[in-house]
Amino acid sequence: MEKSDGQFSGGRKYKNKDITVYWKPSACIHASYCYRELIEVFDPSRRPWVDMQGASTEKIIEVVNLCPTDALAWKWNDEEKNKSIGDDQYNHINFRRPELIDDLEPVNEELPASVKIMTDGPIVIKGSFSLVYEDGSRKEFRDGMISLCRCGVSDHQPFCDGRHRKVGFTG
Amino acid sequence: MENNKEIKPQAVVELIEHGPIKITGNFRVNDLKRIKEESPSEIWLCRCGRSNNKPYCDESHKK
Numbered sequence: 001m002e003k004s005d006g007q008f009s010g011g012r013k014y015k016n017k018d019i020t021v022y023w024k025p026s027a028c029i030h031a032s033y034c035y036r037e038l039i040e041v042f043d044p045s046r047r048p049w050v051d052m053q054g055a056s057t058e059k060i061i062e063v064v065n066l067c068p069t070d071a072l073a074w075k076w077n078d079e080e081k082n083k084s085i086g087d088d089q090y091n092h093i094n095f096r097r098p099e100l101i102d103d104l105e106p107v108n109e110e111l112p113a114s115v116k117i118m119t120d121g122p123i124v125i126k127g128s129f130s131l132v133y134e135d136g137s138r139k140e141f142r143d144g145m146i147s148l149c150r151c152g153v154s155d156h157q158p159f160c161d162g163r164h165r166k167v168g169f170t171g
Numbered sequence: 172m173e174n175n176k177e178i179k180p181q182a183v184v185e186l187i188e189h190g191p192i193k194i195t196g197n198f199r200v201n202d203l204k205r206i207k208e209e210s211p212s213e214i215w216l217c218r219c220g221r222s223n224n225k226p227y228c229d230e231s232h233k234k
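Protein sequence lines correspond, in order, to chains A and B.
Under this note's numbering, the letters of the first sequence match residues 1 to 171, in that order.
Under this note's numbering, the letters of the second sequence match residues 172 to 234, in that order.
These are computed hints drawn from the structure, not numbers from a lab.
Just to be clear, a hint being listed does not mean it is correct.
Claimed, not checked - Simulated pairs of lysine-lysine, DSS-like, Cα-Cα distance not exceeding 25 Å:
id, chain 1, residue 1, chain 2, residue 2
1, A, 83, A, 116
2, B, 179, A, 116
3, A, 139, B, 179
4, A, 166, A, 139
5, A, 116, A, 17
6, A, 83, B, 204
7, B, 179, A, 166
8, B, 207, A, 139
9, A, 116, B, 193
10, A, 59, A, 17
11, B, 193, B, 179
12, B, 207, A, 83
13, A, 81, B, 204
14, A, 15, A, 83
15, A, 59, A, 139
16, A, 116, A, 81
17, B, 207, A, 116
18, B, 204, A, 166
What the hints assert, rightly or not - Some residues of chain B that are not near chain A, with every Cβ distance over 10 Å (derived):
id, residue
19, 202
20, 230
21, 233
22, 234
We put the CB at the ideal spot given by N, CA and C, even for glycine.
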């Protein structure tokens, strides 16, 4: 699925010495966590808009993990390290974009949507589904993914913004 | 041969105002903490953080 460096099917990828960040523009809902938290790396007014030298690897991972969709995902460049990823690393490609690891599995819209209740974390929904907001408006997802807040303290309801960790949510 | 597989409509994730998340249609649930997988026809998931029966809603949000 990966084409030349810098592009992959459905988006672009950006590397530093440690990690690769994948960007899938069609999945972006403009939650804006990336550039509000880390404008040094994620600057929509710049081309390319992602500068992987703008912050430490740890900081980039932290902010990519805040993205409530699969618009941003990441992996270690050292494939061995990708084999043992904790399930708190929400936007690692193991959870967000497994097709980037193994593209043999075709997208099948008849597959049930996957609803994962993360340990002490959000609800991660993946696949084909409709999201119906409180006011009745709908958003359709095809091979999509969202993280929904389960602790009640996210500032970006209904999506998870990682605050469950700060408040020590269990459940 | 008839395919006996149950055909369900696409999953619908509904945000209930001041309440839980209701999911219906074609979906399956994997609860990583309680190590439980299920494919119910309908589920109501807590999103206020106060349920005593997580991940399900127990109407604690009304208290």
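Problem set entry | Distance restraint between residue 179 of chain B and residue 166 of chain A, which requires alpha-carbon spacing of 25 Å or less | violated (39 Å)
Problem set entry | Pairwise hint evaluation, residue 204 of chain B against residue 83 of chain A, where the allowed Cα distance is 25 Å at most | holds (20 Å)
Problem set entry | Pair hint residue 207 of chain B and residue 116 of chain A, alpha-carbon separation not exceeding 25 Å | holds (10 Å)
Exercise. Is it correct that the beta-carbon of residue 233 of chain B has no partner in chain A closer than or equal to 10 Å?
Worked result: holds (13 Å)
Exercise. Taking C-beta pairs only, is residue 234 of chain B more than 10 Å away from all of chain A?
Worked result: holds (13 Å)
Problem set entry | Hinted pair residue 116 of chain A and residue 81 of chain A, Cα distance within 25 Å | Within the cut-off at roughly 23 Å; holds.
For this session: Please work out if residue 83 of chain A and residue 116 of chain A have their alpha carbons no farther apart than 25 Å.
Result: With a Cα-Cα distance of about 20 Å, the restraint between residue 83 of chain A and residue 116 of chain A holds, given a limit of 25 Å.
Exercise. In terms of Cβ atoms, is chain A entirely out of 10 Å range of residue 230 of chain B?
Worked result: It holds; residue 230 of chain B is separated from chain A by about 14 Å at its closest Cβ, greater than 10 Å.
Problem set entry | Distance restraint between residue 116 of chain A and residue 17 of chain A, which requires alpha-carbon spacing of 25 Å or less | violated (32 Å)
Exercise. For the pair supplied as a hint, residue 116 of chain A and residue 193 of chain B, is the alpha-carbon distance within the 25 Å limit?
Worked result: Since the Cα atoms of residue 116 of chain A and residue 193 of chain B sit roughly 14 Å apart, the hinted pair holds (cutoff 25 Å).
Exercise. Residue 59 of chain A and residue 17 of chain A: Cα distance at most 25 Å?
Worked result: Within the cut-off at roughly 14 Å; holds.
For this session: Verify the proposed pairing of residue 59 of chain A with residue 139 of chain A, using a straight-line Cα cut of 25 Å.
Result: Judged against 25 Å, a Cα distance of about 31 Å means the pair is violated.
The structure does not agree with the numbered hints 4, 5, 7, 8, 15 and 19 stated previously, though it agrees with the rest.
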